[in-house]
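S.K.: Single-letter residue listing:
Number of protein chains: 2
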Amino acid sequence: MKVRRSERLVDMTQYLLEHPHTLITLPFFAKRYGSAKSSISEDLGIIKKTFIARDKGFLETLPGAAGGVRFIPKMSESSALEIVEELCKRLSEKDRLLPGGYVYLSDLLGEPELLRQVGQIIASKYSDQKIDAVMTVATKGVPIAQAVAYHLNVPFVIVRRDSKITEGSTVSVNYVSGSSERIEKMELSKRSLKRGSRVLVVDDFMKGGGTVNGMKGLIEEFESELAGIMVFAESTFSGRRMIDSYDSLLCVEAVDSQTKTIKVVPGNYFK
Amino acid sequence: MKVRRSERLVDMTQYLLEHPHTLITLPFFAKRYGSAKSSISEDLGIIKKTFIARDKGFLETLPGAAGGVRFIPKMSESSALEIVEELCKRLSEKDRLLPGGYVYLSDLLGEPELLRQVGQIIASKYSDQKIDAVMTVATKGVPIAQAVAYHLNVPFVIVRRDSKITEGSTVSVNYVSGSSERIEKMELSKRSLKRGSRVLVVDDFMKGGGTVNGMKGLIEEFESELAGIMVFAESTFSGRRMIDSYDSLLCVEAVDSQTKTIKVVPGNYFK
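Protein chains in written order, with my numbering: chain A, 97 to 367; chain B, 97 to 367.
Hints may contain errors.
The list treats identical chains as one, so a pair stands whether inside a single copy or across any two.
What the hints assert, rightly or not - Simulated pairs of lysine to aspartate or glutamate, DMTMM-like, Cα-Cα distance not exceeding 20 Å: (1) 145 with 189; (2) 286 with 203; (3) 286 with 189; (4) 260 with 280; (5) 290 with 352; (6) 290 with 203; (7) 260 with 277; (8) 144 with 103; (9) 190 with 280; (10) 145 with 114; (11) 286 with 228; (12) 281 with 258; (13) 144 with 114.
Simulated from the structure, these hints should not be mistaken for laboratory data.
With the hints as extra help, turn the sequences into a complete structure.
M.R.: Following this line, the structure appears as structure tokens:
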């Protein structure tokens, strides 16, 4: 059964969006719609043009017999900054300030629409790199890891501070919690990460960088490679940070418990 | 600037997919493309037809001045069953069996593509109900909650067994862990759930139902209402289950540690 162009465009758009970073061959689409490959090529041209115009990413076309098309989600820095500036405002709300100068984030990290955008922004930065897995630590990093992993089309793995029977054998490392200088332990299920993986580390919040540093250690234990570190928010830290290279979407510059004010600016992702 | 139909179809499809369960007015699209409302209506007709043909869900159109269109993701039971039967095979793999008869699931719950499908399947069941929030317990329920919440366009909240300073004030309940009959404690940040919410509970694995029962108790503490309980996998349980009404996508019927065999069948979602 032949499918008309208008319907093909709707279905191809949907299919491509749901399969980011996945090579889809022209014959696959040609068969799906009972159409000639030349028609499919024209359709893809329209989709490509629209995605670029709407800042959704681009279609990478690979010529030849093994060729096809791949959708690479990519958001421009200016669109990303718009979203992050809106987030700065929300993070600066007075009632987010918790005892000890912490900032309440859990509601934001439970909004699927926001997570989708954050996932797109972070994935955009690594869209042209080989990433095999996204790593985070339980619990609040998980939604961010999932959103990023979706847009990179790679699995995500969850490091835990408490061992669970349902994880099977684990590999553990000790690490120094940066802010409190306590020695803690984190572990990852042995079968969750292949040797030689390139791993992107994400987390919700970074102060001293101890937790992220622990994950760096775990990656070494798995004979894998750190591809990058990206945190949703960082706070200015008076001590010496345990890691030197990372990106943040947001930076909590100052909190004042007396006046209950929080000053949040875009992070070094934009520098 | 007027936008051609082909480009409108691509962008509208993308926009609708990224905003499930959200009312989008005709004037919004008309302005976005510089097109007449009658053209937009025709476009929506094409998208509607294609989504139905491809089992993606439907477009609900609301007439009148306050009207517009809403995309409701919905997967048919037969498509859902196909995905779940494939999952049964993967869950039955020998090397998933852990000491104590537990089944290793963490890799599956870290696959974004699978989570998207699971989210669609679960959200389909509740697509015509009023759901205000999805609730789960840390850690492994989180990816499922996020996927479901995305397709229902509602926030998700994470119940924790350990209190964290970054959660602010919490409400806690004690509950009986069904399998081990220990008394445990779980808590939820006070500001994360509004009174009078209708809450869908999801979790990765259910044995005795103690954890899910604890969440039921928490929902009562928040003067909210339980809309349903949905678990990714359940295992047959010899004792008395603490909850009577729930749905499962998968059922681990039997495990044999000697022969290392696991028997997994589709859950009662399909009954």
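S.K.: Work down the list of hints and note, for each, if the structure agrees.
M.R.: Going through the hints against the structure:
With identical chains, the CA atoms of residue 145 and residue 189 are never at most 20 Å apart, being 39 Å at best within one copy and 44 Å at best between copies. Taking the shortest alpha-carbon separations for residue 286 and residue 203, only the inter-copy value of 11 Å comes in at or below 20 Å, while the best intra-copy value is 32 Å. For the homomeric pair residue 286 and residue 189, the shortest alpha-carbon distance between copies (17 Å) is at most 20 Å, but the shortest distance inside one copy (41 Å) is not. Taking the shortest Cα distances, residue 260 and residue 280 sit within 20 Å of each other both inside one copy (16 Å) and across copies (15 Å).
When the C-alpha separation of residue 290 and residue 352 is checked against a cutoff of 20 Å, the pair qualifies neither within a copy, at 45 Å, nor between copies, at 28 Å. Proximity of residue 290 to residue 203 under the C-alpha cut-off of 20 Å is restricted to the inter-copy arrangement: shortest distance 12 Å between copies versus 33 Å within a copy. In the homo-oligomer, the alpha carbons of residue 260 and residue 277 lie at most 20 Å apart only across protomers (17 Å), although the nearest pairing inside one protomer, at 25 Å, exceeds that limit. For a Cα distance limit of 20 Å, the shortest separation of residue 144 from residue 103 qualifies both inside one copy, at 16 Å, and across copies, at 10 Å.
In this homomeric assembly, residue 190 and residue 280 never come within 20 Å of each other (Cα to Cα): the closest approach is 32 Å inside a single copy and 34 Å across copies. In this assembly of identical chains, the alpha carbons of residue 145 and residue 114 lie at most 20 Å apart whether taken from the same copy (18 Å) or from different copies (19 Å). Taking identical chains as interchangeable, the C-alpha atoms of residue 286 and residue 228 lie at most 20 Å apart only when both belong to the same chain, with a minimum of 16 Å there against 37 Å between chains. In this homomeric assembly, residue 281 and residue 258 come within 20 Å of each other (Cα to Cα) both inside a single copy, at 8 Å, and across copies, at 16 Å.
Taking CA atoms no more than 20 Å apart as the test, residue 144 paired with residue 114 passes in both settings, with 15 Å inside one copy and 18 Å between copies.
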